[in-house]
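**Student:** Here the structure of chain E is known, so what remains is to put chain Y in place on it, guided by the hints.
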Amino acid sequence: MSETQQQVEDLIQSRYKAGFYTDIESDTIPAGLNEEVIAMISAKKSEPEWLLEWRLKAFHHWQTLTGPNWAKLNLPPIDFQKIHYFSSPKQKDRPQSLDEVDPKLLETFDKLGVPLHERARLAGVAVDAVFDSVSVGTTFQKELEEAGVIFCSFSEAVQNHPDLVREYLGSVVPYRDNYFACLNSAVFSDGSFVYIPEGTKCPMELSTYFRINARDTGQFERTLIIAEPGAEVSYLEGCTAPMRDENQLHAAVVELVAREKAKVKYSTVQNWYPGDENGKGGIYNFVTKRGDCREDDARISWTQVETGSAITWKYPSCVLRGDRSAGEFYSVALTHNHQQADTGTKMIHLGKNTSSKIISKGISAGKSSNSYRGLVRMAKKADSARNYTQCDSLLIGKTCGAHTFPYIESSNPTAKIEHEATTSRIGEDQLFYCQSRGLDEEEAVALIVDGFCKEVFKELPMEFAVEAKALLEISLEGAVG
Amino acid sequence: MSALIEKLLPEADVSDDGSFGALRRKAQKVLMQHGFPQRKTENWKYLPLGLLEKRTFSTAGPLTGPVPAPPEFPFETGIVHMHNGLLDPQRCRLPRGVAITGMLPSDIDASKLDDTSPADAFAWLNLARFDQGWKLRVEGRVEQPLAIVTSCDEDFEAAIHPRLKVELAEGAALTLLEVQHSEAAGLINGVLDLELAPKSSLVHLIDRSFGETALIQRTTARVSDAAEYRAFVLDGGGRLTRQDLMAELDAAGASASISGVAALGGRALVDYHTAIEHLLGRTSSRENFRILADDQAVGVFNGRIHIVPGADDSHSEMNTGNLLLSEDARINTKPELEIHAEDVTASHGATIGQLDDDARFYLRSRGLTDGQAIALLKYGFAAAVFDGMDAGALKEWMLERLEACL
Numbered sequence: 001m002s003e004t005q006q007q008v009e010d011l012i013q014s015r016y017k018a019g020f021y022t023d024i025e026s027d028t029i030p031a032g033l034n035e036e037v038i039a040m041i042s043a044k045k046s047e048p049e050w051l052l053e054w055r056l057k058a059f060h061h062w063q064t065l066t067g068p069n070w071a072k073l074n075l076p077p078i079d080f081q082k083i084h085y086f087s088s089p090k091q092k093d094r095p096q097s098l099d100e101v102d103p104k105l106l107e108t109f110d111k112l113g114v115p116l117h118e119r120a121r122l123a124g125v126a127v128d129a130v131f132d133s134v135s136v137g138t139t140f141q142k143e144l145e146e147a148g149v150i151f152c153s154f155s156e157a158v159q160n161h162p163d164l165v166r167e168y169l170g171s172v173v174p175y176r177d178n179y180f181a182c183l184n185s186a187v188f189s190d191g192s193f194v195y196i197p198e199g200t201k202c203p204m205e206l207s208t209y210f211r212i213n214a215r216d217t218g219q220f221e222r223t224l225i226i227a228e229p230g231a232e233v234s235y236l237e238g239c240t241a242p243m244r245d246e247n248q249l250h251a252a253v254v255e256l257v258a259r260e261k262a263k264v265k266y267s268t269v270q271n272w273y274p275g276d277e278n279g280k281g282g283i284y285n286f287v288t289k290r291g292d293c294r295e296d297d298a299r300i301s302w303t304q305v306e307t308g309s310a311i312t313w314k315y316p317s318c319v320l321r322g323d324r325s326a327g328e329f330y331s332v333a334l335t336h337n338h339q340q341a342d343t344g345t346k347m348i349h350l351g352k353n354t355s356s357k358i359i360s361k362g363i364s365a366g367k368s369s370n371s372y373r374g375l376v377r378m379a380k381k382a383d384s385a386r387n388y389t390q391c392d393s394l395l396i397g398k399t400c401g402a403h404t405f406p407y408i409e410s411s412n413p414t415a416k417i418e419h420e421a422t423t424s425r426i427g428e429d430q431l432f433y434c435q436s437r438g439l440d441e442e443e444a445v446a447l448i449v450d451g452f453c454k455e456v457f458k459e460l461p462m463e464f465a466v467e468a469k470a471l472l473e474i475s476l477e478g479a480v481g
Numbered sequence: 001m002s003a004l005i006e007k008l009l010p011e012a013d014v015s016d017d018g019s020f021g022a023l024r025r026k027a028q029k030v031l032m033q034h035g036f037p038q039r040k041t042e043n044w045k046y047l048p049l050g051l052l053e054k055r056t057f058s059t060a061g062p063l064t065g066p067v068p069a070p071p072e073f074p075f076e077t078g079i080v081h082m083h084n085g086l087l088d089p090q091r092c093r094l095p096r097g098v099a100i101t102g103m104l105p106s107d108i109d110a111s112k113l114d115d116t117s118p119a120d121a122f123a124w125l126n127l128a129r130f131d132q133g134w135k136l137r138v139e140g141r142v143e144q145p146l147a148i149v150t151s152c153d154e155d156f157e158a159a160i161h162p163r164l165k166v167e168l169a170e171g172a173a174l175t176l177l178e179v180q181h182s183e184a185a186g187l188i189n190g191v192l193d194l195e196l197a198p199k200s201s202l203v204h205l206i207d208r209s210f211g212e213t214a215l216i217q218r219t220t221a222r223v224s225d226a227a228e229y230r231a232f233v234l235d236g237g238g239r240l241t242r243q244d245l246m247a248e249l250d251a252a253g254a255s256a257s258i259s260g261v262a263a264l265g266g267r268a269l270v271d272y273h274t275a276i277e278h279l280l281g282r283t284s285s286r287e288n289f290r291i292l293a294d295d296q297a298v299g300v301f302n303g304r305i306h307i308v309p310g311a312d313d314s315h316s317e318m319n320t321g322n323l324l325l326s327e328d329a330r331i332n333t334k335p336e337l338e339i340h341a342e343d344v345t346a347s348h349g350a351t352i353g354q355l356d357d358d359a360r361f362y363l364r365s366r367g368l369t370d371g372q373a374i375a376l377l378k379y380g381f382a383a384a385v386f387d388g389m390d391a392g393a394l395k396e397w398m399l400e401r402l403e404a405c406l
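Quick note, the sequences are listed as chains E and Y, same order. Taken in order, the first sequence gives residues 1 to 481; the numbers are from our numbering. Taken in order, the second sequence gives residues 1 to 406; the numbers are from our numbering.
Here chain E stands alone, though its shape is the one from the complex:
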């Protein structure tokens, strides 16, 4: 390979650094979706009878549904029978400690910058690492246990805390909720489970890292976070996948329960493989995320930085049931090349004096399409509820699209809603100024975009904010000029 060719290869690789594949022997069940497959997944996880029944109910309901077509997405038909619904790295039993985990897996997560090994203790973040359909390890479990916090894979929670799982599973996102949530309820394989007892502030940040590795598989994880009265937790989520020419499906469900005065902060840096510059390959990311401020004074905050995925369909929501409960949504969604994103939030105000804040920043480049879709609903009993929404879009290039679809519904005369949105391109005067100070065009754009997103980045935990900023710069490479 010539030097120039090598440089080009390196550049392409640098745009998606997590695109490598780990060659590891895996245990994969045959492709296809039917009751047998669901029973097989359930059996592999030694699940109780009630959970299998719940999965089957979801599957039967899913068979009656048709996929959503209202989003501004050009979604090719998905052949659900061609997907493998379970794939895990081959191992006899679940490792009891990280020392027993296959070194290849540890190496993979090391390469992704995820501090799985105990030597990464200094990072001070407890991590649950999910590889294809299973959790391969969770760090700091003992330390967390001492504080009364349960942080484990979903499968472990089913075995060790069945009552909690049974009480809360599907209580925020019922299996009938929507097409993809219903599919997830039938075939979910693993995910994270977090329980913070009453009055406890989780002593460290919790994090889950999702990695799709195997070919032709889908990832269907389920995350459940329960914060008892007065509890506080900050949870981070990251995700990547290898570069492949085929599309892969990721349909996850996240349920958050915040009881009285509890605080849950959920941050995501989504970096699934977005496909190549011609739109080939990439992950279809169809996620249902919802938080329930179930009791008074609860608070749920969603922060997301979305740079990856070929198609994103995702609306992290808050149901503000308790009086004075609060919901927040901070989002940066960047699309480049042929990526498509239809993302936003829902704030459902049911309780009195509830408040919500939505800050959404969309950046479109290349031939991509980026839509904000949001709902703010003030129910009849939501006296003195308050919402503020700011929704800005930035266009880079002549062939991309930026769209805003906010639904605002009010049935309460004392509720106040304010919404504002702008769409514009990067100002020539801003670019000129930056360039006159010695920056080249790409650096200038990165700086302006960073400023555009600052309001969201400041909500991210420190390590994530640094990662998000770097990710944005990489994703924007080649967007100008």
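Think of the hints as simulated: they come from the structure by calculation, not from any bench. Quick caveat, the model's predicted, so the values are computed rather than measured.
Listed next, the in silico DSS-like pairs over lysine-lysine satisfying Cα-Cα at most 25 Å (straight line):
#  : chain 1 : residue 1 : chain 2 : residue 2
1  : Y       : 54        : Y       : 7
2  : E       : 265       : E       : 201
3  : E       : 381       : Y       : 45
4  : E       : 357       : E       : 380
5  : E       : 380       : Y       : 45
6  : Y       : 45        : E       : 416
7  : E       : 72        : Y       : 112
8  : Y       : 45        : Y       : 7
9  : E       : 346       : Y       : 40
10 : Y       : 378       : E       : 416
11 : E       : 458       : E       : 469
**Tutor:** For chain Y alone, kept in the frame of chain E given last:
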């Protein structure tokens, strides 16, 4: 919704009357295939069409009794009077520069109607069932406004499908005043096409209030090079009102503005869908729509700005402000932006709230009763929509009408 098809499109009723036959057949086919919108049809989700299903519509016949006189206006105006959906050219009083003729098939452009879903079902229904369409041709600058008056007999219970086209020649200018008032329990399913040739200008005023009459109206303005379309709407409410108001800016320099206020009370249900299409660059638009909902009224505003690829240097601004004045009223609003061009600016703002307590207190401290303070604040909120109207008798008349509505 098949019950509604049977009510509104009895098969035998679609006449194959020569020149319009092909259009009517196509319309009937689309309707039979896709039916009427349902709650899941995105653009119709807030409008309960079940209200129409509960009604029985008689067949519209020729006028038998005397036609009531059109309302008096405090200014000189031409009149086109449609009573029970029928227009008699002999009764029209047209200002100099305006001519009326029967509509021809070539006057109808159905190419932009959606034939793949129920979204445009009522426009197809109009096409299938309109009786006699009329075209008004405007040449030169017409000084006198032209009022198109719609009225119905008190016991009128038919479904009617009036169809009108107003064509402005190059450089023409007109003030068009649509005045629509009716209490009867019929359905008016109207279509109004406005064609603005280069450098023409149309000021389009709508003053409407309905009792039990259901109105489903589709108005499309095609705006050419350097032409200007300005709409001002005053809606006093009705049991079921749906207005689609679209402006297509299809040449450089075209501009459109839509300003409106809906003052709703009782069980009014009013659903406004506006859409401004920037089809070429150097176009501009502005929208300002306000709803005041009292009693059990429901107000819906869906504003859409669409800038297509290549329509660079387009500028658009949309604002919607809403006041909820009672516990049982509801307001739903959706200001949409769909932007496919880079060198543009587009923005929107939306608020829903109530009257400001501090302002009420201030006005009472200046000697007004609470009732007077509320009335003044409501008027101030709504009247701002008409700030863009040229000063004169027409503006004064609109403001008087607004005061009466409030």
